[in-house]
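Trainee: As a plain string of letters, each chain reads:
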Amino acid sequence: MTRHDATLRRRRRRALLRVRIVVAGAGALALALLLVAAVLELPEGPLGLAEEAAAQLAHTGVDHAVTAVLLNYRSYDTWLEVGVLLLAVMAIFALRGGAHLENVRPAPRRDPLLTWLTRLLIPMLTLTAGYLLWLGKFAPGGAFQAGVVLGAAGAMLRLSGTPSLDRIGDVAIRILLAVGFLAFLVAAVATRLAGLDMLELPPGRAGDIILMVETLATISIATTCAVLVMAMPGAESPPAIAAKDVRKEART
Amino acid sequence: MTLLSCGYMSVCFGVASAAGAATPETPVLTSHLVYMLTACLLFCIGLFGLITRGHLMRNVMSLNVMGGGVFLFLVAVARRDAGESGPDPVPHAMTLTGIVVALAASAFALALARRIHSITGEMRLEPGDDNS
Amino acid sequence: MNHLLTLAILLPAIGSLAVFSRFIGARASGVVCAVAAAPALLLGLFASTMEHDVAWMLLGATFGVDPVSRIFLIFTGALWMACGLYSASTMRSDPRRSAYFFFFLLSMTGNFGLLLARDVGAFYCFFALMTFAAYGLVVHERGAGPRRAGRVYIVMSILGELLLLAGLIFAVAAGAGIDMADFASGVAAAPNQELITALLFFGLGVKAGAIPVHVWLPLAHPVAPTPASAVLSGAMIKAGLFGWIVMLPLGWSPAPAIAPLVVTLGLLGAFGAAIYGALQRDPKTILAYSSVSQMSVMVVAIGAGLMAPDRWPLILGALAIYACSHGFAKGALFLGVAVAKQAAGRDMLRRMTMMGLALAALTIAGAPPLGGAIAKKSLKAAAAGPESPSGDALALLIPLTAIMTTVVLGKFILVMAGAMRTNEGKSAVRLSPWMAAPWLTLTLGAAAAAWLIAPPTEPMTDAPQPTIPSLSAGDALAALWPIALGVLVLAITMRLARSLPKAPAAPAGDLLSLYTLASRATVAAGRRTRLPGPARWKLDFVPLVLDSIEQSRRGETLTNIERAMKTWPVAGAVFVMIVITLAAMIIL
Amino acid sequence: MIEPMAWCILAPFIGASLAFLLPGRVWRRPIAIGAIGATLASVWMLTSQVWNSGAQRMDLSGWPAPLGIGLAADGFSVFMIVMTGVVGSLIGAYALWHYSDLSDATEPAERRLFWPLWLILWGSLNAIYLSSDIFNIYVALEVITLAAVALITLSGKAEALVAAMRYLLAAFLGSLSYLMGVALLYATHGALDLVIIADQERAGLPEVGAFALMATGLALKTALFPMHFWLPPAHSKAAAPVSAILSALVVKASFYVLLRLWFGVFDGPAMYAVGILLGTLGSAAIIWGAFQALRQMSLKLLIAHSTVAQIGYLFLIFPLTARRPSGELAAAGWITEACTGVSYHALSHALAKAAMFLGAGVVLHVYGSDLLTNMRGMSRRLPITTFALAIAGVSLMGLPPSGGFAAKWLIVTAALGAGQWWWVLVILIGGLLTAGYIFLMLRWAFISEDAPIQLRPANMPIQLAALALALLSVLVGFRLEEPFQLLVIGDPFPIFDLP
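Protein chains in written order, with numbering that gives the first Met the number 0: chain X, 0 to 251; chain G, 0 to 131; chain S, 0 to 587; chain D, 0 to 498.
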């Protein structure tokens with residue numbers, strides 16, 4: 000490679016970068032203008048479904064409109080969304096070349112302070128999660144919020160080196176992960192078999208069913224979040240070394 | 000860096016406009032409108048970042064900024080459509096669902112990026128593209 | 000009769016699957032072919048005009064028989080049957096036998112299907128089926144020759160299919176409908192009638208061997224196994240003619256722009272191909288050129304029909320008889336090439352074979368009292384109308400082509416005689432009745448067909464109707480002198496050629512070398528054209544442009560554009576631009 | 000209670016859950032076969048229900064449309080579901096072998112995860128075809144994206160991972176763009192149901208923005224030229240059954256959504272210029288994809304580029320169903336042909352492309368590489384696979400008699416009826432180029448090999464799966480009556496009603 004080539008390449012790269020920024024900037028600006036114009040032309044409202052949702056709230060089994068939408072009016076969406084979470088875990092399992100946590104690197108050495116903090120926080124986090132789950136019935140809250148908090152607890156256990164999900168069996172993990180999706184599935188099949196519309200909840204028992212489904216979904220979401228942290232690729236060995244090794248391998 | 004400062008500035012702008020709009024003298028620029036405009040801006044900033052940056056982390060972040068724009072927009076719509084019984088719950092639910100979907104996709108994207116990094120040593124799709 | 004119609008198409012199709020079974024040997028396969036061809040032949044011989052809707056197929060297909068297709072069915076069916084039986088013995092030791100019979104029966108399905116189709120969609124489908132299945136026959140004998148022939152065949156065929164499809168689509172879009180009965184009149188009424196006619200003519204012309212799209216034919220016919228050559232040259236080549244007859248606006252409206260072109264091409268082919276064929280040395284190539292020449296005579300007849308619609312019923316009648324006669328004779332000649340090889344050992348057989356070959360050749364040349372003379376006479380009578388210049392040309396042409404036909408087929412006979420002398424005692428396979436019987440049948444059929452088959456008449460029109468002509472002594476004389484002249488010409492040229500130094504043989508495929516040359520020159524010219532050198536731009540873009548020019552010289556532009564599109568920045572920018580363009584297009 | 004619409008989604012989802020929970024070797028085959036069987040049975044029931052008693056609609060969760068989500072099945076959705084069912088189950092038959100312990104080409108992890116991923120994907124494809132709610136479509140699109148990307152990564156090779164990453168980013172961008180459009184539509188109409196939005200007054204700029212964002216996002220997911228960049232690597236680096244699923248089925252889902260929006264939500268036919276633009280991009284795709292396919296030296300890349308080209312034909316529906324600025328339909332009298340032709344193209348392409356990718360999978364398995372130059376002697380070693388590739392090629396080229404021919408014939412007559420003869424030119428050139436790359440591909444198969452090489456044996460089932468798909472892609476061209484009748488049930492292309 001001559002010096003001329005190198006200069007040419009450098010100039011080319013610089014030119015590319017400049018072109019890229021100019022084009023992207025112009026494009027994004029034009030799109031922004033379009034969107035702003037569109038927003039300014041939006042009807043004044045109120046337009047949406049607030050009134051309809053409120054009018055039927057009494058029949059949904061919950062008192063909070065958002066929870067009603069999520070778990071009754073549009074529970075089908077929520078089901079698919081739990082499916083997306085399950086898929087994310089499966090996808091990460093696929094990346095790891097295995098469907099389990101067995102060869103997850105043993106947790107790092109325990110730090111006494113962290114251990115103490117964990118002991119303090121885990122019960123609090125669990126309690127908070129339970130509270131959030133219960134709260135969803137009449138205020139902002141519900142399965143997702145609760146699940147994420149519980150998942151954070153799992154991640155915390157992992158960081159502090161306390162064995163948790165990585166020590167329970169493969170089958171158990173699978174069940175924990177899938178139980179949320181299954182809850183909706185069972186609800187869907189059961190309602191069909193009971194002669195109702197799919198996922199239709201009888202008003203009298205809707206509240207109980209929703210609480211049950213939500214609890215199961217919380218478990219799955221929490222497990223999913225914790226597993227996502229634990230099973231991130233590269234967790235088998237210290238990432239820096241692994242990367243260097245593989246890179247060396249790839250070059251030779 | 001540019002991306003982050005842009006995002007920050009837009010948020011500042013949004014907050015400032017919102018504060019200004021809260022006063023009754025400016026009935027045209029209602030608060031939900033400000034949020035909507037900010038949301039559009041966020042969407043486009045995310046898009047700009049996505050186009051100009053080659054680093055995979057930044058790509059995922061840009062997409063999340065775009066997603067943030069959409070969610071802000073939806074929340075603003077909910078606020079606009081607020082009736083006597085509070086804001087419209089449907090856009091709220093859409094936002095929640097959207098966030099979870101985005102979370103799942105981002106987690107997967109990051110895992111994929113890490114895996115690619117550990118195999119190829121690169122954190123970008125086109126090797127040699129040094130613009131991060 | 001409806002069942003017979005179904006069987007005529009279904010039997011060959013089922014047969015093509017059956018021959019794959021390992022329990023079916025060569026002889027049984029031959030019998031399968033013969034049985035599969037029987038319903039079509041029976042339809043041709045005994046069926047009355049009928050139509051049968053098959054609503055579920057394609058866009059609602061219709062099948063049926065009419066007076067014209069009956070004649071085609073007779074000789075096509077007989078040829079397929081004879082050649083199928085003949086294959087039974089020639090293919091006995093061929094390891095790829097089942098593939099051969101598979102393609103043979105599939106082509107047969109296509110051929111019968113297109114003759115029976117009464118709607119354009121079905122016709123096109125079966126036409127294509129025949130075309131592509133025949134590829135398997137062309138390349139059956141592996142090696143360089145068949146491979147080249149196959150390549151040329153497939154390229155020309157696809158070209159033909161595309162032209163035909165374009166013509167059909169234009170016609171359907173112009174309101175011609177898909178029903179065969181109203182198609183020709185629909186084409187005649189279409190605003191772009193001449194364009195449709197041209198597309199259909201050349202599209203079908205590839206199959207029919209019309210100049211200048213005939214180039215695959217002299218390559219493919221000689222390399223295929225002999226029975227396959229016989230059906231290619233006797234039966235399948237007529238599918239193009241059949242297509243012309245049923246789809247061109249013949250008898251409906253004149254096509255003043257395209258008709259002279261058609262007549263000119265026909266004249267060129269009738270003489271050019273015969274002369275070129277006479278220069279060949281391989282007997283099957285000579286026969287292929289003779290086919291091109293004979294088909295060109297029919298092209299002239301089509302051209303005459305395009306010029307003078309009122310004469311068409313007469314021309315049609317004569318043309319059908321002519322095609323039938325030629326189909327039988329050409330099949331007999333091709334099979335004769337193989338028969339002669341087996342008969343080379345024994346004197347008696349040799350003489351009989353030569354007599355048979357001569358009989359078939361004389362049929363094509365039109366010697367009385369053989370059937371060919373009838374065909375020629377009726378064609379001449381049909382064309383020579385009171386006020387038709389092209390008809391006069393045709394009337395004049397027929398004796399002249401007879402001279403040329405005599406020359407080219409005479410050359411064929413001479414080559415065969417020479418080959419049999421040199422091959423003496425080399426034959427590996429003995430001549431069996433399985434081979435002799437089909438061949439003899441075809442030969443006799445060729446001699447008699449025109450006498451026995453009535454020309455199709457259309458009772459509903461006022462136009463002059465064809466009748467079965469008879470031969471008077473004057474006719475016989477008129478038919479004989481060109482043959483005598485031909486023999487004389489051949490004798491003189493052979494004598495002259497012997498005294499001259501031996502010239503290299505003219506390559507089979509004539510115009511093909513021209514086409515190849517032209518395409519190579521185009522490519523070379525394209526390569527030589529360089530993009531203009533870089534201007535003195537002061538922008539930062541210079542290196543980009545320089546690079547891309549450099550790459551375009553190396554012929555990597557496409558790859559590089561594709562690679563550039565793959566990068567995020569370009570892809571993202573394209574995305575944004577499309578969003579904005581879409582929005583802008585709606586707003587503006 | 001038998002409700003086929005619901006079961007078309009439930010059956011694969013149940014299968015996916017079982018396959019995820021019971022990944023063991025013993026259970027894999029019964030679960031897979033059971034799920035395929037149950038899904039096919041549901042598809043069959045749905046088809047006969049719609050065929051006999053017209054379009055169906057059901058409200059999920061017992062709440063009618065503005066509040067709840069509706070499922071709707073008309074002729075077009077059933078057409079797509081049947082396509083997915085037939086192609087999907089044959090690919091499944093191949094996968095049963097490919098991901099079994101008999102095959103040494105796969106890792107245990109792949110075998111465990113293929114079935115849950117593919118069954119979820121199948122269920123959400125059906126969900127898309129049945130959904131009547133634009134936000135629900137978004138969620139289902141995301142399920143499809145994640146499942147598809149995860150399937151690509153199954154093979155674990157670096158190239159596959161990079162391709163998957165590119166695909167994920169592109170699809171993510173497309174989804175977000177679509178979601179922004181959903182937000183704008185909700186802000187304008189206050190509803191999410193397709194039917195309700197379609198019945199409302201057309202709004203100005205917000206709807207323009209929504210259309211631009213949604214159409215582009217969906218076109219990106221469908222890999223319309225020039226946004227096809229992610230497709231060739233993603234489709235060619237994945238394992239054979241995955242490639243077949245992606246190329247035959249997944250790209251069709253986003254196209255389907257775009258078509259629904261075009262007719263149902265945005266009154267697309269009124270946007271003549273947009274229609275022409277989309278058609279032009281489609282034409283460019285036809286030419287460009289075919290040119291790129293001509294230049295490839297590896298079988299799977301060639302087939303993947305061919306997908307780019309074949310997708311182009313789908314987009315010809317937009318100009319053909321648009322109205323001229325003067326107000327009359329461009330292709331008045333030919334609309335049925337245009338819509339049926341494009342749907343039929345989707346079907347025959349799905350069959351042919353799946354056959355080709357499965358065939359390529361056999362080649363890859365036997366030869367250990369899919370370089371064209373390595374395929375020497377294939378016609379003798381793998382006659383069935385060669386035959387399948389050739390037959391599928393016939394359908395792709397659009398030679399009669401085949402499904403591809405029937406589709407192109409319909410599209411071309413519609414184009415001529417619309418007076419838009421230039422598309423015909425594109426289709427003819429595209430057909431020639433297709434013939435070119437199919438012959439380039441098959442040429443190697445017929446050249447006899449230089450020296451005998453040691454090859455892995457190929458077993459019958461996988462070859463037969465490819466052959467069955469290829470034969471079907473030809474056979475569907477023989478019978479158009481039922482598809483024609485099916486596709487007008489429920490008036491899925493509601494252009495006929497308009498003056």
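Treat each hint with caution, since some may be false.
With a Cα cut of at most 20 Å, we get these calculated EDC-like pairs of lysine to aspartate or glutamate [stated by the list, open to error]:
no., chain 1, residue 1, chain 2, residue 2
1, D, K156, G, E121
2, D, K156, D, E106
3, S, K565, G, E121
4, S, K565, G, E125
5, D, K156, G, E125
If you are wondering where the hints come from, they were derived from the structure by calculation, not from laboratory data.
Trainee: All the hints need checking, so say for each whether the structure fits it.
Mentor: Hint-by-hint comparison with the structure:
{"no.": "1", "hint": "K156(D) <-> E121(G)", "verdict": "15 Å, holds"}
{"no.": "2", "hint": "K156(D) <-> E106(D)", "verdict": "12 Å, holds"}
{"no.": "3", "hint": "K565(S) <-> E121(G)", "verdict": "17 Å, holds"}
{"no.": "4", "hint": "K565(S) <-> E125(G)", "verdict": "9 Å, holds"}
{"no.": "5", "hint": "K156(D) <-> E125(G)", "verdict": "17 Å, holds"}
Of the numbered hints given earlier, the model fails none.
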